[in-house]
Structures are given as structure tokens and as C-alpha cells.
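Line order of the protein sequences matches chains A and B.
Residue numbers for the first sequence follow our numbering, beginning at 22 and rising by one.
Residue numbers for the second sequence follow our numbering, beginning at 22 and rising by one.
It is worth saying that the hints were derived from the structure and are not from the lab.
Please note that a few of the clues may not be correct.
Cross-link-like lysine-lysine pairs, in silico, BS3-like; alpha carbons within 25 angstroms at most [said to hold, decoys possible]:
no. : chain 1 : residue 1 : chain 2 : residue 2
1   : A       : K76       : A       : K148
2   : A       : K151      : B       : K148
3   : B       : K98       : B       : K60
4   : B       : K151      : B       : K60
5   : B       : K76       : B       : K101
6   : A       : K151      : B       : K151
7   : A       : K60       : A       : K101
8   : B       : K148      : A       : K148
9   : B       : K151      : A       : K148
10  : B       : K101      : B       : K60
11  : A       : K76       : A       : K101
12  : B       : K76       : B       : K98
2 protein chains.
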Amino acid sequence: MHTDQQLLLDRLRLESTGVPIYVQLRDQLLSAIGEGRLKPGEQMPTMRQVAVALKVDLNTVRHAYGELERQGAIVIKRAKGTYVAAAPPKTDPDDRAHLIEGLSLRAIAEARSHGIEPAMVARRILKLSKGG
Amino acid sequence: MHTDQQLLLDRLRLESTGVPIYVQLRDQLLSAIGEGRLKPGEQMPTMRQVAVALKVDLNTVRHAYGELERQGAIVIKRAKGTYVAAAPPKTDPDDRAHLIEGLSLRAIAEARSHGIEPAMVARRILKLSKGG
DNA sequence: TGGTCTGTATGCATGTTATACTACAGAAAT
DNA sequence: ATTTCTGTAGTATAACATGCATACAGACCA
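Please put together the full structure from these sequences, using the hints given.
Here you go:
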């Protein structure tokens, strides 16, 4: 197993906020893909590796991976492993605007719920995304 | 019922992402408090109002409100209603920087996972947050 | 006093989540 | 051929989430 994958596994976190484990895992892996820590065509940690790393049941991990596959983010190959999909799906303009709106509102709400100015988050995003 | 409360109710949204209803509600109400749409000492929408507005069961709303009370964000008074707590807890500067970083990275990742430029999200956040 | 509104509580039913355990089948290496 | 690793599948169990229905008790007002 690559140390890249070990780094990825080390970054997976579970929180007890009432959000199901498979949902947290699904979203964190989607983030890893989205921010290029997992590249198209690259192999992901196996379900068993994730299950061991997070100390959860294999079926729980499978549930998360199953949803990622249904989203088109990954490709699961029986007996071989699981791979990041070759081309992440593009969004069309209408969907895009909705997505931007939703992402923005969510980020704003979350910032404010912690007493943080959303503009500070926005500026940080601009700074980080230029560097990326 | 005040139109303020109606506006608040109108902004509550439920999504089918696998996150339980009570968690979504809890977090959205926490946002409303965090962004000043609900002020310390102010009465919240009643559990029944929220249940009706969101078309969910009273017990589900009660679950969310119960968690907010345990967090110290609200005070529930039997037979009278529910109120925003007098002094919402503050975040200290170290935590703040971490929170901003985390929120930003998460927003970036999610944008990218949908093939969206994070900067577009950032600009939308700036626009929306200025509008109040 | 009666009515209305509020949060509180309970029972039942259904579906979901997560775990543990077991086993199968395919792919690859020895 | 055997072993190891992989995803796939099934079963049973317990806890959780939600809805529905019902009822209680307190607060408030006419």
C-alpha cells in the first residue's frame, strides 16, 4: 500500500454529530477526489483498509463506496479494488448555478453558526484556491 | 405569530443526503442563532409550528430542540415555548482560525468535486453575506 | 370555567443504520 | 493447485429515526 493512501486514510475522521458514518465517509472521500488527493483512474484504499482504519464494519464502508459509485465518482471492480472515475461528471449551467448557490448558503450558515463572518471564509477560499 | 418567525420558518430546508431530519433542523436553527436572525432571549417558533412548516413529526422537532437545549443554545419552558439562550457561547481565536480553515477547505473540495471553480463560490458567498 | 396553546410523554409500527458473522466468487501471485 | 486479497452477499440483532396517534399538564386568556 502506498504512503499516499496511508495519508489519505489518516485524514478520514468520524464525528458524533448524528450524521451516519457512511454519509461522513462518503462526503470525505468525495472531498479527497474533489481536491485532487485522489486522481482520476487512481486506486482508492480498499474497503477493508478503510474499515480497519476507521474501526467500522466492512458493510458500512461498502455502503459509502456504493453511493460514490452511483454518483459516478468512483468505479468498483470486483475482486480488484476501487478506482476514482476517469472523468468526473461535468455540471450543466443551470445545475451549476444551483450548486454554487447551495454551497455558498451552506458555507455561510456554517460560518455563522460558529460566530464567524462568512466573508472571512470567502476570502480564505479565494486565497487557497489561487494557490491550488 | 411575528412575520420574523415566518421568515425564519420559510428559510428552513430539508435535503435527502442521508443526514437525519433532526440533525439538519438542529444545525439550521443553530445557524439562525449564529447569524443573529434569532436573538438572545427571543422566542423561537414553537415545535408545532416547525413541525407543520416542515411537514415532519412533532417528536422529530422535539429531538432537534432537545439537542439545542443540551448545547446551551436555547431554553425550553414547558407550556410556554422555547427561547434563545441569553448568552450564546463564544469561540476563541485559535479555534476560529481552525474553523475558517476547515470551512474553506471543505467548500473548496466540494466545489471541485462538482467541477466548479471554488472562486465562484467564494464570490457568491461575499455577495450573499453583504446582503445580510 | 372552558378553550387554546405550549411542551412532555407514551405506545406502536416501519424503515434505516451499523455491527458481527459467515460465505462466495474473481483476480493475482506463488 | 493453493493462498491471499478483493468486492459481493446474506442473515440476525440491536439501536436509531420517523411517523402516527393519543394523552397529560401547565400557562394564558376570554
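Evaluated hints:
Restraint check for K76(A) and K148(A): the C-alpha separation of about 36 angstroms exceeds 25 angstroms, so the hint is violated. Of the supplied pair hints, the one linking K151(A) and K148(B) holds, its CA atoms being roughly 19 angstroms apart against a limit of 25 angstroms. Taking the CA atoms of K98(B) and K60(B), the gap is near 17 angstroms; set against the 25 angstroms cutoff, the hint holds. Proximity of K151(B) to K60(B) is assessed by CA-CA distance (about 19 angstroms); at most 25 angstroms being required, the pair is judged to hold.
The hinted pair formed by K76(B) and K101(B) meets the criterion: a straight-line CA distance of about 22 angstroms does not exceed 25 angstroms. A distance of roughly 22 angstroms separates the Cα atoms of K151(A) and K151(B); the hinted pair therefore holds under the 25 angstroms criterion. Using a Cα cut-off of 25 angstroms, the hinted pair K60(A) and K101(A) holds, with the two alpha carbons roughly 18 angstroms apart. Our distance criterion of 25 angstroms between C-alpha atoms is met by K148(B) and K148(A), whose separation comes to about 17 angstroms.
For the suggested pair K151(B) and K148(A), the alpha carbons sit about 19 angstroms apart, so the restraint of at most 25 angstroms is met. Our distance criterion of 25 angstroms between C-alpha atoms is met by K101(B) and K60(B), whose separation comes to about 18 angstroms. Proximity of K76(A) to K101(A) is assessed by CA-CA distance (about 22 angstroms); at most 25 angstroms being required, the pair is judged to hold. For the hint linking K76(B) to K98(B), the alpha-carbon distance of about 23 angstroms falls within 25 angstroms, and the restraint holds.
Checked against the numbered hints above, the structure breaks only hint 1 and satisfies the rest.
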